[in-house]
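Using the sequences plus the hints, can you model the full thing?
So the sequences go chain by chain: L and U.
Count along the first sequence from 1, then add 2; that gives the number in my numbering.
Count along the second sequence from 1, then add 2; that gives the number in my numbering.
No lab work stands behind these hints, which were simulated from the structure alone.
Just so it is clear, the structure is predicted and the values come from calculations on it, not from any experiment.
Don't take every hint at face value.
Keeping only pairs whose Cα atoms sit at most 25 Å apart, straight-line, the calculated DMTMM-like set for lysine to aspartate or glutamate is [unchecked claim]:
| hint | chain 1 | residue 1 | chain 2 | residue 2 |
| --- | --- | --- | --- | --- |
| 1 | U | 99 | L | 25 |
| 2 | L | 99 | U | 71 |
| 3 | L | 99 | U | 97 |
| 4 | L | 271 | L | 205 |
| 5 | U | 99 | L | 113 |
| 6 | U | 12 | L | 113 |
Computed spacing ranges between beta-carbons, pair by pair [to be verified]:
| hint | chain 1 | residue 1 | chain 2 | residue 2 | range |
| --- | --- | --- | --- | --- | --- |
| 7 | L | 218 | U | 24 | 46 to 54 Å |
| 8 | L | 95 | U | 123 | 30 to 38 Å |
| 9 | U | 69 | L | 80 | 36 to 44 Å |
| 10 | U | 285 | L | 211 | 55 to 63 Å |
| 11 | U | 72 | L | 261 | 36 to 44 Å |
| 12 | L | 121 | U | 89 | 28 to 36 Å |
| 13 | L | 280 | U | 23 | 46 to 54 Å |
| 14 | U | 24 | L | 147 | 38 to 46 Å |
| 15 | L | 143 | U | 219 | 54 to 62 Å |
| 16 | U | 251 | L | 87 | 32 to 40 Å |
| 17 | L | 71 | U | 219 | 39 to 47 Å |
| 18 | U | 69 | L | 70 | 39 to 47 Å |
| 19 | L | 193 | U | 83 | 24 to 32 Å |
Don't be surprised by glycine CBs; every beta carbon is placed ideally from N, CA and C.
2 protein chains.
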Amino acid sequence: MATIPATGGKLVLKVDMLVGGTDVPRGMTYRQAAKKAVAMCVSDFAAKGARPDSFMASLGLRRGTTNADINGLALGFRDAEREWGVRLVGGDTNEAKELVIDCAMIGFAEEVVGRDGAKPGELLVVTGTFGLPPAGLMILEKGARCSAGFRKKALESVLYPNPALDAGLALAPYLTSSMDSSDGLARSLHTLGEASRVGFAVDSVPASPGVGAFARANGLEFERLVWAGGEEYVLVGTMRRKSLAAARRAVRGARGTLLVIGRATKERKVVLSRGGAEEAIPDEGWTHLG
Amino acid sequence: MATIPATGGKLVLKVDMLVGGTDVPRGMTYRQAAKKAVAMCVSDFAAKGARPDSFMASLGLRRGTTNADINGLALGFRDAEREWGVRLVGGDTNEAKELVIDCAMIGFAEEVVGRDGAKPGELLVVTGTFGLPPAGLMILEKGARCSAGFRKKALESVLYPNPALDAGLALAPYLTSSMDSSDGLARSLHTLGEASRVGFAVDSVPASPGVGAFARANGLEFERLVWAGGEEYVLVGTMRRKSLAAARRAVRGARGTLLVIGRATKERKVVLSRGGAEEAIPDEGWTHLG
Chain L
3 MATIPATGGK LVLKVDMLVG GTDVPRGMTY RQAAKKAVAM CVSDFAAKGA RPDSFMASLG
63 LRRGTTNADI NGLALGFRDA EREWGVRLVG GDTNEAKELV IDCAMIGFAE EVVGRDGAKP
123 GELLVVTGTF GLPPAGLMIL EKGARCSAGF RKKALESVLY PNPALDAGLA LAPYLTSSMD
183 SSDGLARSLH TLGEASRVGF AVDSVPASPG VGAFARANGL EFERLVWAGG EEYVLVGTMR
243 RKSLAAARRA VRGARGTLLV IGRATKERKV VLSRGGAEEA IPDEGWTHLG
Chain U
3 MATIPATGGK LVLKVDMLVG GTDVPRGMTY RQAAKKAVAM CVSDFAAKGA RPDSFMASLG
63 LRRGTTNADI NGLALGFRDA EREWGVRLVG GDTNEAKELV IDCAMIGFAE EVVGRDGAKP
123 GELLVVTGTF GLPPAGLMIL EKGARCSAGF RKKALESVLY PNPALDAGLA LAPYLTSSMD
183 SSDGLARSLH TLGEASRVGF AVDSVPASPG VGAFARANGL EFERLVWAGG EEYVLVGTMR
243 RKSLAAARRA VRGARGTLLV IGRATKERKV VLSRGGAEEA IPDEGWTHLG
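Printed below as a string of structure tokens:
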């Protein structure tokens, strides 16, 4: 149990559980897994414009977990503390059949950005590009082929997920709705759209550089990597057109990225709009409706 | 992610992870497991005199978990909400190799009772008796024999752990130190003693009725059941002698129990003191020192 001085406004609470069998790919160390567990929570704070303050970590450790493994977890939590300015204030340790790290994070905010504020005509924005984490997983788990440079970037995106907290905090005042994209860009668009009762027309696909070539070299669907991969921990949100210039300055000041990829629409469907033609972007996975 | 209006004072945060393989005995339903996971957190709030407000639940579910199981979890959380006046405000669901329920609970308090405030000469008090949960586990897991009446009480203590939240809140203003006894009475006494730099002399063994007969009938050490069992979720604390009358009234008003079982001592050892003789109460388990 920890006590934390409560400041004004609202308390923000978030939990995210990392499970060894599904969230820890081959080649990820305990240190990386610990930091990832914290990143999963930080990403949500970034997307909501709430500054995280502290976190607790509940651990499930396999019998035979070594002191080096436990030390790795401690180092990973310290890495997270330094990276995002948060404090580990307690936790709980148990024996389990696989590694489990549940991160419970709290912070304070005057207001948080919701999912239901998008209006037709507003801009659709993201704070990063998509497709590297699913490519990195294919490299780690299935030995997918690629250049050394792409491999490095793709693996980094998997092993060191890095939600842009400063950019999210800087952007929050300009957002009418937002969420993080940990479940994939398509899922985020559908979720935001349903909550706000709007649709989205995407006219610029925010693919990370090299993802197209990687997809071709490995016989994979480019679209699936970009839309349905997930684990990008990028903010997906909407803003009024008149906010764009100020929002760009704010994000630049936080050394972040801001990309306009489309707009919210009255018609409640999520589509890719290119060259006058529209293709539906389904909620889960990608189906070419061409 | 949930937002909760922050009131003054201190924010109190606690996590506790229930793991199927170690915390869910044979015969415990999903509904009971869910409520137990919340009880594990409530117990710590009760011991610290902090009123819990809300909780989140991170779930690890085995492949093949049925809708009935998930419904059971939901009912168990609702049971907990009603029993302790807390609110489930969110969570996270994952696939895992065994059932995992991590409860993250928050509350607010002006002050919480620490572990380091006990002074020599103060009274050692508990809010319940000990030995039923370990007996219940022996019945569930090993088929230990006992009367029908004892069986019912012992199983209830395992399947419906019930930290005395109201009694803890009522008692808190009178306590100089406290903690909960989820790891067993002996462990609690050593932990409190070390934190407060005192020892304890216990002169009244707070055994639950029937535990002695149960131990004899099954060839078990009575002392081990009472001192080293754990999962009683009882408050163990200290108070000044002059506080006792008012504390008794307060706990009675909360329909709780308050037992004086000994006193804090200057000499930093934990002993059972009976008939002028002293026996050491070891930190873990029980060794008869004659």
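Hints, one by one, checked against the model:
Straight-line distance between C-alpha atoms of residue 99 of chain U and residue 25 of chain L comes to about 13 Å, which keeps the hinted pair within the 25 Å bound. Of the supplied pair hints, the one linking residue 99 of chain L and residue 71 of chain U holds, its CA atoms being roughly 20 Å apart against a limit of 25 Å. Taking the CA atoms of residue 99 of chain L and residue 97 of chain U, the gap is about 13 Å. The hint holds against a cut of 25 Å. A hinted pair counts as satisfied when its Cα atoms are at most 25 Å apart, and residue 271 of chain L with residue 205 of chain L qualifies at roughly 14 Å.
For the given pair, residue 99 of chain U sits about 38 Å from residue 113 of chain L by alpha-carbon distance, which is inconsistent with the 25 Å threshold. A hinted pair counts as satisfied when its Cα atoms are at most 25 Å apart, and residue 12 of chain U with residue 113 of chain L qualifies at roughly 20 Å. A beta carbon spacing of about 49 Å between residue 218 of chain L and residue 24 of chain U agrees with the range 46 to 54 Å that was offered as a hint. Distance hint check for residue 95 of chain L and residue 123 of chain U: the Cβ-Cβ separation is about 35 Å, which falls inside the suggested range of 30 to 38 Å.
Distance hint for residue 69 of chain U and residue 80 of chain L: a CB-CB separation of about 41 Å, consistent with the stated range 36 to 44 Å. Checked against the hint of 55 to 63 Å, the C-beta distance between residue 285 of chain U and residue 211 of chain L comes to roughly 58 Å, which is consistent with it. Separated by about 38 Å at the C-beta atoms, residue 72 of chain U and residue 261 of chain L satisfy the suggested range of 36 to 44 Å. Look at residue 121 of chain L against residue 89 of chain U: about 31 Å separates their beta carbons, and that is inside 28 to 36 Å.
Range check, residue 280 of chain L to residue 23 of chain U: Cβ separation about 51 Å, and the 46 to 54 Å hint holds. Between residue 24 of chain U and residue 147 of chain L, the C-beta spacing of about 43 Å keeps the proposed range 38 to 46 Å intact. For the hinted restraint 54 to 62 Å between residue 143 of chain L and residue 219 of chain U, the CB-CB distance of approximately 55 Å keeps it satisfied. At roughly 47 Å, the beta carbons of residue 251 of chain U and residue 87 of chain L sit outside the given window of 32 to 40 Å.
At about 43 Å, the beta-carbon gap between residue 71 of chain L and residue 219 of chain U stays in the expected band of 39 to 47 Å. Roughly 41 Å separates the CB atoms of residue 69 of chain U and residue 70 of chain L, a value that falls within the hinted 39 to 47 Å. Hint check: residue 193 of chain L to residue 83 of chain U, Cβ distance near 26 Å, so the stated range 24 to 32 Å holds.
Figure legend: structure checked against the earlier numbered hints; hints not met, in rising order: 5 and 16.
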